[in-house]
Every structure is written in C-alpha cells, then in structure tokens.
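Taken in sequence, the protein lines are chains A and B.
Under my numbering, the residue at position 322 of the first sequence is numbered 363, and the numbers go up by one with no gaps.
Under my numbering, the residue at position 57 of the second sequence is numbered 59, and the numbers go up by one with no gaps.
Hints in this document: simulated from the structure, not taken from any laboratory.
Nothing here was measured: the structure is a model prediction, and the numbers come from that model.
From the three backbone atoms N, C-alpha and C, an ideal C-beta is built for every residue, glycine too.
Misleading hints may appear alongside valid ones.
Here chain B is said to cover these stretches of chain A; the calculated rule only asks that three of the stretch's residues, wherever they fall, bring their Cβ under 8 angstroms from a Cβ of chain B [said to hold, decoys possible]:
no. : region
1   : 113-126
2   : 132-141
3   : 310-319
4   : 344-357
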Amino acid sequence: MKRRHLLVGMSAAPIALATPAIGQNIQEIRMVTTWPRDFPGLGTGAQRVADRITAATGGRITVKLFAAGELVGAFDSFDTVSSGEAEMYHAAEYYWQKTDTGFAFFTAVPLGLTASEINAWVLHGGGQQLWDDLAADHGLKSFLAGNTGVQMGGWFRNPVTSMDDLKGLKMRMPGLGGDVLRELGADPVVLPGGKIRPALEAGEIDATEWVGPYNDKAFGLQDLLKAYMYPGFHEPGTATSVGINKAWWDKQSTADKALIEACCTAENEVMLAEYNVNNGGDLETLLTEHGVGLHRFPDDVWQAISDASLQVVADTAKKGRRARKIHRSFNRFRQEVAGWSNISEGAYLATRARLLGIET
Amino acid sequence: MSIAKIDRRAVLGAGAALGTTGLAAPALAQTKRFRMVTSWAPELPILPDSAQRVADQITLLSGGGLTFEVVHAGPDTHGEFDVLDLVRTGRADAYHSLEQNWQDRHPAYAFFTTVPFGLTADEMASWLRFGGGDTLWQELANSNSVHPMLVGNTSCQMGGWFAEKVESLEQLNGKKISIPGIGGKVWQAAGLDTQSLAGADLIPALFEGKIDALEWFNPHLDLDFGFAKLLPFYMFPGWQEPGDALAMGINLGRFEQLTPEEKALIEVACQQESVRVTGEFLAENGRSLNIMRREYGAQLEAFPPELLDRLFELTDQVLEEIAGHDELAGRIHGSFLDFRNATARYSDISSGKFVSLRNAALGLDKVYKYR
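Okay, chain A solo, but in the shape it has when bound (with noise of 0.2 angstroms):
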C-alpha cells in the first residue's frame, strides 16, 4: 500500500521520490558564518549555498544560515563546527591561522593565488587532499565555496611613491599582509570592517585596504582617502569555503554528499561573477563621480613587497604542524602556472586595456 502510494507521489514530482523513502529523515541543519547577513557578496553567497542544498535535496538536507553573532561569533565558526554544535561553516579558512598556519593556504597570502589558480590547486593540484588531512584533524571536511577575486592594494591619502611612504603608516590590514607591512617598517593595525571608517575619522589608522571597489565603495571609503593602489599584493584571489563536521558528513548518502560538494563548488563561479560585475563597474563610479585616482605600486615597492611577501609566507609554513608540506605544494604549483598566467591573462588584458585607452 505504502508503496503504490509512492509512486503516486513520484510522478508527480519525481525528485521528491527520494523523500519519502528517507521521508523520516529530513535534516534541518544549522549553518554559521562569518559574514553580516547578506553582506554582498560573502553574505548573500554564503546564503546561496545554503539555499542550494536545501533546494537540490528537495529539502531533505534543509540548512538554516546564521549570520555573523547570530548564533555565534564569527569567529567561534570553526569550534563550533568542530565540535558538532553546528553542522557547517562559510567562512575563510585563514581565520583560523592560529589554529594551524597552514589553513591560510586555503583562504590566500601574499603574492599567493588568483581565484582560478586556488581552483586549479584545490582540484587538480593537490590541494583538496592536504586540506582534507588538515581539516580531519580538526573534525572536519571542507570544500572551496566562493572567491572574492584579487583585493585591491588599498586606500591612501597619497600615492604610495617610495618606500618612504610605507615607514610608520598606521595601516589596517590583517593576517599575513599586515605581516609583510610590518617587515616594510609599516605598523600594521587589525580592525574589523565596520571599524574602518570611524577609525579614519578619528586619525586612528592613516591607510586601508578592505576587499575591493564593490564592497569598499558600499563602506564609503572613496569619501575619505583619494589614492586607490593596484595591484593587491596580500590577498590575491580571496577563496571562501564551507567547513562540515565531519561526524555528520560521514553519515550523509554518497548522493546527498556530492550533492552538498557541487552546491560549494559551483560557488567559486557564481561568487566570483557577482563580485567581477560589480567590481568593475564600481571601480569606474570611484574614478569618474568620486575623484578617486587609481596608482600602481612604483616597481621598487612593488619588488620589497614581493620579496618581503615570499619571507613571510615562508617563515609562517614553518609554524604550523601541516604547513610546511602545504606550502611546498602550493609553491610548486604558483611555480607551474604562473609563468602561462602571465603571458595569457596577464598579457591580454593588458593589450586590451591599452587598445581601448584604459592603460593604467
């Protein structure tokens, strides 16, 4: 009987035939993150995750999003995944750098990845599996689920000319490029986003960097600095991802878990092309209505960046329990790819540029 009725119910919506079978088993769970709700762009796809698993589970995987202080703070994600408190996390895996060094791999450092390089690792370089030995060691399984593209190099009153300018400049930028200004003999300060502005005003912090023209426009920052440096140096292809405890996915069927991975997977395109299209129409907004103007690093900053970027990085892989063969991994694939990079995108977007009149 039970059965005919399940047919019934399939042909109507055969998706739906798998509920019912597990009918008794629908899953309601909780998602932390470390974003506001609906940030654009972090927030609103970490959102889109969520709603994904939920629609492409046909709701038998139903995940609740909390936001930022919802449930948690931002920065309690990782515990509370780990201990199962919650079932998943979108956050950036360099959050957790004090943990072990070598989930900033996963997230960007200085002079690291762009956001298609860190998919290229992740999936076909090795990167998946050194991640998934590090997660498991923290009770977890975690997969790339968005990238926000190369951050912009920041916000000055003035162009960065020399190294001069960099000595003692009170800066907010965390992580490990607040290490490589340091090395600059910059003083590095660490301030959450919605910290920056006041702290412009009051004089506390003379420089910024946040994410890129999208979100640092929406935070009004083009009102109080005027110098916008390119390139970004410190997080070049910023990866977000969603960490799972690993008891609970364990337990989940092989259908419903590659379901879960390609919900996080198609993020990394789907994110990345929210961010693009808005980037690059806010950067010209900031150039044209807000008279802010666009300077390049000179070459000597731009080398002692570099240089100071590959010290800092590796000094930092010697820290963490798993970092070393992460970081070795990582610089043999940078090393492979980065020289087609260049002579690919690098150079095509370069001649475009200059034959459309926008060479910088």
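Starting from the known structure of chain A, fit chain B onto it as the hints suggest.
Just chain B now, with coordinates in the frame of chain A:
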C-alpha cells in the same frame, strides 16, 4: 562498433538498475533518460572527459532519476558540427559543444563562445549570470529549440605557431595560416591567406608547404602535435580567443518537462563542472607550456603593439558586420561590448597586473616576459 555501443548501453542500463537498489526500484520507472551528443573525438584531452564527468554527476546528483548517456563525435556516430541539429530536431536530447559551431545558423552564436578581444573566462561567467548575457543567450538558443548552459571554459588561447618571430604585419603578408573562426577572418582582412584545417591535417600541410603558420588551441591541446619542432615561435597573447566557453544545450521541450528541482540540479552540476574543467585547463596549460619550452624548444614571444592595433581595428569591423545581421545580433553585440568596456580596466589592474608583477618576483621574467 554500433553493436558494441548497443551492448554498452544495455550494460549501463543494467548497472543503473542494480546501483539504485531499494529506493531505486520505483525510481527506475520514472528515470528520465537523456542522450548527450558531443563535438569531441573521444581521444581529445580533457574535453570528452569533462562531458562525461558532468553527465555522470547529473546522474549521481539526481539519485539516478536523470541519466545522461554520452556519445562522442566520430566516423561511426555523428560529426562534431551536427550536434545542434540532432538536439534541435529531438534526435538527441542534449549536446556538449561550442556555440561558435552554429555561426552558419546565426552569426551571434560566436559571442557565447568567444570573439577576438572579447571576454576572459571569469568575465564570460560574469556577463552571462549578472550582466544580462544569459537572457540574450536563451533568446537566441530557444529559437533553435535549445536551452543552453555554461559548462566550462578552456581559458585564454595562444596566438599561434610561426616559423619566425613576428615583428610586423608586413612580414606576414601573403603567408598561409590555418586558423578557425573569426580570428581567421581578421587575419584574412589583415592580408594573410587563411584556411581552417582539421587537427589531423595540420602536420602534413606543414610538411607539404601548404601552410606557413597555424593556430590550434592552447598549450595543453597543442602539446602532442609537437608543432614547436617545425614552427618554434609560439606567439601571444591569444587575442583571437581570450577564453572559449563550453556549452551544454538541452532540447527545449525536454528541458521544460523537468521539475524545478531537476533544473536546479542540472544547473549546479554544470557550474561545478565549469569550475572543475576551467581549473583543469589552467593546471594542464601551465604544465604543458613548461614542457614545450624546456623539451621542445618553443620560444614564447609577444606580438608587436602595432600589429595588435591593426587586428583590433579589423576586429571591430568584423563584429559590426555580425551586429548588422539582425536586431537580436545587434543587442547581443551591444550588451557584450558594453560589459567588456565596463570591466576591462578592473580586470587589468586586478588579476592582470597581479600575475604580471608576480612573475618577476618568482624569477620567471626571463622566459615568460611581457613588458
């Protein structure tokens, strides 16, 4: 061959029935079967595997409710350019191909693969999803009874193989080059003698002096041909195809019969494959380019600016001609170029300048130099 194929299909069917145990007995009755024809010879690197992977993934994600059987192009199956017709007329349910293959049916299809001085892989995904591109694509493809989806990108191509370093356009005047598509039209307008040879005919044509230069694809797909032995100068940038989008097209009638959940599943699978295959091309192109340079003696050189200036002017004219085809072509051309022009500066100063400036810091500027 055809018998073997029938056997294989029967085996797959049996496998599906066994594999879905329990749950599956009812599911089997409802399984929606799709036959997906591709434009790839089975022995090509990456592309046929990518088609198979997305097909398998749709089957897996749907718990067997949707099955995609893949049939690659070949002498016993179908021609690579036949697949739109097969799907349009319902003789196949889906294709995995390049939209530029249907330019004879409508020239604006080119914009949904790549055009000279067009969009990179990341930009294409952005235009389609957030820049209005997808709406236009649906309009064009629906007119041929197809629902199209982005399912990957081969990324930026190289500019081609030449016997000497290209220093000027005059140097190439009257030279015979094999290059497909709009890039070929632009070289033709620039004074070269262009044709488009099949992959298997390239090396014989070189030996027989029928061509002096050629463009095929990207480092990974070019690798096995060993072009560098005959034409050592591998020129860049690949101005003519800055990122070839791969497309899946599903017969519109069959697509519309899918449930919203099934449509969502297919979309997720295509986006996942897009990330996977684009990453795979990047990794393999990097590796292959190093092999070509170290082992085959390929010399990497940049086209001179004046030559690119001229190709850019000629490209504008060729794209204008396409825009003039009909009202829809005009709208597609306008949307595409507006998007490109709005995003070009950001792309250049972000990922473009980052990879260029990183290059020297990694000690790669002696061989992979671009200014």
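Quick rundown of the hints versus the structure:
1. Counting residues of the region 113-126 of chain A whose beta-carbon sits less than 8 angstroms from any beta-carbon of chain B gives 0, not enough to reach three: the coverage restraint is violated.
2. Look at the region 132-141 of chain A against chain B: 0 of its residues bring a Cβ nearer than 8 angstroms to a Cβ of that chain, fewer than three, so the hint is violated.
3. Figure legend: the region 310-319 of chain A, annotated as covered by chain B; annotation consistent (8 residues with Cβ-Cβ distances under 8 angstroms, at least 3 required).
4. Against chain B, the region 344-357 of chain A contributes 5 residues with a C-beta closer than 8 angstroms to a partner C-beta. That satisfies the three-residue criterion, and the hint holds.
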